[in-house]
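Asks: Note that the protein sequences, when read in sequence, are chains A and B.
Numbering-wise (our numbering), the first sequence opens with residue 1 and increments by one.
Numbering-wise (our numbering), the second sequence opens with residue 1 and increments by one.
No wet-lab data here; the hints were simulated from the structure.
Do not rely on the hints blindly, as some may be mistaken.
Derived lysine-lysine pairs resembling DSS-like cross-links, with alpha carbons at most 25 Å apart [as the list claims (entries may be wrong)]: (1) LYS5(A) with LYS146(B); (2) LYS112(B) with LYS161(B); (3) LYS19(A) with LYS3(B); (4) LYS105(B) with LYS5(A); (5) LYS93(A) with LYS3(B); (6) LYS112(B) with LYS28(A); (7) LYS14(A) with LYS49(B); (8) LYS3(B) with LYS5(A); (9) LYS155(B) with LYS14(A); (10) LYS5(A) with LYS42(B); (11) LYS3(B) with LYS28(A); (12) LYS161(B) with LYS14(A); (13) LYS75(B) with LYS42(B); (14) LYS14(A) with LYS3(B); (15) LYS49(B) with LYS28(A); (16) LYS42(B) with LYS19(A); (17) LYS5(A) with LYS112(B).
Partial selection, computed: residues in chain A whose CB lies under 10 Å from chain B [said to hold, decoys possible]: (18) GLN7; (19) GLY15; (20) LYS28; (21) TYR68; (22) SER72; (23) SER94; (24) SER122; (25) GLU149; (26) PRO153; (27) HIS189; (28) LEU190; (29) ARG191; (30) GLU195; (31) HIS197.
Think of the CB as a built atom: it goes at the ideal place given N, C-alpha and C, for glycine as much as any other residue.
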Amino acid sequence: MFFLKRQLNRLARKGQPSKAFRDALWLKLSQEHACLYPETSFHSSSFRWSAVGLTALVVVFTMGTGVYAYESPEVVEGHPLYQVKQSIESVEKSLARTPEARAEFHSRMMERRISEGEHHLSRQPEQVQEALDAAADQLEQTVVEFAPEIQDPALRAQMIEELSIHNARYVELSARVQKGEAKSREPAHLRSRVEGHGLSEDEQVRLFERKARASDLDTRP
Amino acid sequence: MDKRSFEAFYQANLDRIYRYVFFRVGRNETVTQDIVSEIFIKALQHFEKYDEAISRSAWIYRIAHNHLANYFRDKKPQVDLEDVSFTLVGEDGRRSMEEWEEHTKLETALGKLQIEERCLVTLKYIEGYAYAEMAEILGRSSDALKVATHRAVLKLRSLLKEA
Numbered sequence: 001m002f003f004l005k006r007q008l009n010r011l012a013r014k015g016q017p018s019k020a021f022r023d024a025l026w027l028k029l030s031q032e033h034a035c036l037y038p039e040t041s042f043h044s045s046s047f048r049w050s051a052v053g054l055t056a057l058v059v060v061f062t063m064g065t066g067v068y069a070y071e072s073p074e075v076v077e078g079h080p081l082y083q084v085k086q087s088i089e090s091v092e093k094s095l096a097r098t099p100e101a102r103a104e105f106h107s108r109m110m111e112r113r114i115s116e117g118e119h120h121l122s123r124q125p126e127q128v129q130e131a132l133d134a135a136a137d138q139l140e141q142t143v144v145e146f147a148p149e150i151q152d153p154a155l156r157a158q159m160i161e162e163l164s165i166h167n168a169r170y171v172e173l174s175a176r177v178q179k180g181e182a183k184s185r186e187p188a189h190l191r192s193r194v195e196g197h198g199l200s201e202d203e204q205v206r207l208f209e210r211k212a213r214a215s216d217l218d219t220r221p
Numbered sequence: 001m002d003k004r005s006f007e008a009f010y011q012a013n014l015d016r017i018y019r020y021v022f023f024r025v026g027r028n029e030t031v032t033q034d035i036v037s038e039i040f041i042k043a044l045q046h047f048e049k050y051d052e053a054i055s056r057s058a059w060i061y062r063i064a065h066n067h068l069a070n071y072f073r074d075k076k077p078q079v080d081l082e083d084v085s086f087t088l089v090g091e092d093g094r095r096s097m098e099e100w101e102e103h104t105k106l107e108t109a110l111g112k113l114q115i116e117e118r119c120l121v122t123l124k125y126i127e128g129y130a131y132a133e134m135a136e137i138l139g140r141s142s143d144a145l146k147v148a149t150h151r152a153v154l155k156l157r158s159l160l161k162e163a
């Protein structure tokens with residue numbers, strides 16, 4: 001089965017538009033757009049919005065509270081800076097314009113949701129599951145962004161490696177919050193989140209193999 | 001019209017639509033590029049009708065399907081697009097013999113699938129759609145499509161073994 005899917009993937013890669021064609025068509029569409037909507041062009045519009053987003057980020061980051069709100073896992077729902085954190089993340093999301101950037105963003109958000117879950121564990125354990133669910137959402141969105149779009153094997157391997165670390169932390173946290181249940185319970189829904197989005201079987205195996213070593217992560221700082 | 005949305009839409013759909021066309025016009029890059037350009041220009045002209053909340057992928061897929069049908073209608077009389085089998089024979093003479101054999105076997109096996117089965121396999125594994133998107137395009141539930149695609153892949157695998 002895996003060999004067949006690999007054959008099909010190899011075949012799919014044969015039908016990849018060249019960068020030259022991609023750029024040329026985008027230029028043609030920009031010109032067509034300028035004719036249809038003479039007031040603005042794609043590039044000026046995109047640039048303007050990017051500039052607005054970047055300016056907003058710079059302004060917020062120059063304020064110490066913004067940096068704290070963004071970085072700290074202690075800033076969770078109910079915290080006075082939670083809205084600031086959400087706003088920064090929202091701007092950051094809108095600035096991620098390529099599949100690579102969007103995948104990176106969602107992966108970072110998954111890590112952040114897990115950190116928040118870990119923070120909740122000692123204070124509000126009932127909130128941990130919500131953080132885990134949000135992390136699982138981010139995992140799926142990461143895979144949806146990169147699996148069908150990114151073909152570079154090195155980049156894919158790097159992303160799988162990164163996600164596998166997050167998954168291990170997810171499994172570890174999930175096990176801690178389910179102390180009364182079987183500790184090594186497989187979070188099957190985490191697997192089901194990534195199925196059907198274009199990962200090869202080998203990538204799926206690598207994505208979850210680290211969970212077996214999750215206990216090693218107890219020593220993480 | 002939200003221009004940023006069109007740019008995102010273009011980046012999200014170009015590869016899939018390119019593959020959809022490429023493998024149906026004999027892997028002819030020139031023809032593919034012409035058709036894909038026309039499809040996206042048409043999409044730009046009608047982008048105001050596009051509502052991502054209603055259909056993320058089905059809209060452009062439908063434009064591509066109709067455009068390709070017109071191409072074949074003008075080229076050959078009375079051609080059903082789904083009968084234009086998934087063509088792997090291309091113009092690139094540099095392919096290795098091993099690759100050629102592999103693709104020929106795959107082409108033969110794909111040709112033996114039912115039209116619907118072939119459609120599922122190509123949508124999923126060649127064009128790279130997620131099941132939720134296939135559900136929009138084909139008007140069926142994701143779960144049903146997942147099962148049907150899995151069965152089609154199993155059948156393709158057994159056909160490849162026979163070859």
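Asks: Now tell me, hint by hint, if it's right for this structure.
Replies: Status of the hints after comparison with the structure:
Annotation: proposed proximity of LYS5(A) to LYS146(B) holds, straight-line Cα distance about 15 Å (limit 25 Å). Among the hinted pairs, LYS112(B) with LYS161(B) is consistent with the structure: their alpha-carbon atoms are about 13 Å apart, no more than 25 Å. For the proposed pair LYS19(A) and LYS3(B), the alpha carbon gap of about 21 Å is at most 25 Å, so the pair holds. About 14 Å separates the Cα atoms of LYS105(B) and LYS5(A), which keeps this hinted pair within 25 Å; it holds.
Under the criterion of a C-alpha separation no larger than 25 Å, the hint pairing LYS93(A) with LYS3(B) is consistent with the structure, at around 17 Å. The straight-line distance between the Cα atoms of LYS112(B) and LYS28(A) is roughly 40 Å, outside the 25 Å bound, and the hint therefore fails. Annotation: proposed proximity of LYS14(A) to LYS49(B) is violated, straight-line Cα distance about 32 Å (limit 25 Å). Between LYS3(B) and LYS5(A) the alpha-carbon distance is near 36 Å, which puts this suggested pair outside the 25 Å criterion.
At most 25 Å may separate the alpha-carbon atoms for a hinted pair to count; LYS155(B) and LYS14(A) meet this at roughly 23 Å. Taken as a hint, the LYS5(A) and LYS42(B) pair is broken in the structure, with Cα atoms around 33 Å apart against an allowance of 25 Å. Of the supplied pair hints, the one linking LYS3(B) and LYS28(A) holds, its CA atoms being roughly 14 Å apart against a limit of 25 Å. For the hint linking LYS161(B) to LYS14(A), the alpha-carbon distance of about 23 Å falls within 25 Å, and the restraint holds.
Taking the CA atoms of LYS75(B) and LYS42(B), the gap is near 20 Å; set against the 25 Å cutoff, the hint holds. Between the alpha carbons of LYS14(A) and LYS3(B) the distance comes to roughly 30 Å, so the proposed pair goes past 25 Å and is violated. A threshold of 25 Å between alpha carbons decides the hint, and for LYS49(B) with LYS28(A) the separation of about 21 Å falls inside it, so the pair holds. This hinted pair checks out: LYS42(B) and LYS19(A) have alpha carbons roughly 21 Å apart, not beyond 25 Å.
With a CA separation close to 17 Å, the supplied pair LYS5(A) and LYS112(B) stays within the 25 Å bound. Given hint, GLN7(A) at the interface with chain B, holds; its Cβ is 6 Å from that chain's nearest Cβ, closer than 10 Å. About 4 Å separates the beta-carbon of GLY15(A) from the nearest beta-carbon of chain B, less than 10 Å, and the hint is met. The restraint placing LYS28(A) at the interface with chain B holds, with a minimum CB-CB distance near 6 Å, inside the 10 Å limit.
Hint status for TYR68(A) relative to chain B: violated, with the closest Cβ pair at about 30 Å, above 10 Å. Taken as an interface hint, SER72(A) does not check out: its beta carbon lies about 31 Å from the nearest beta carbon of chain B, beyond 10 Å. Evaluation of the SER94(A) hint against chain B yields a held restraint, the C-beta minimum of about 9 Å falling below 10 Å. Given the 10 Å rule on beta carbons, the hint for SER122(A) is violated: about 38 Å separates it from the nearest Cβ of chain B.
Using the Cβ-Cβ criterion of 10 Å, the hint placing GLU149(A) at the interface with chain B is satisfied: the shortest such distance is roughly 7 Å. Given the 10 Å rule on beta carbons, the hint for PRO153(A) is violated: about 16 Å separates it from the nearest Cβ of chain B. The interface hint given for HIS189(A) is violated, since its Cβ lies 15 Å from the closest Cβ of chain B, which is over the 10 Å cut-off. Interface hint at LEU190(A): violated, since its Cβ lies 17 Å from the closest Cβ of chain B, which is beyond the 10 Å cut-off.
Hint status for ARG191(A) relative to chain B: violated, with the closest Cβ pair at about 14 Å, above 10 Å. Given hint, GLU195(A) at the interface with chain B, holds; its Cβ is 8 Å from that chain's nearest Cβ, closer than 10 Å. Look at HIS197(A): its Cβ gets to within about 6 Å of chain B, closer than 10 Å, so that hint holds up.
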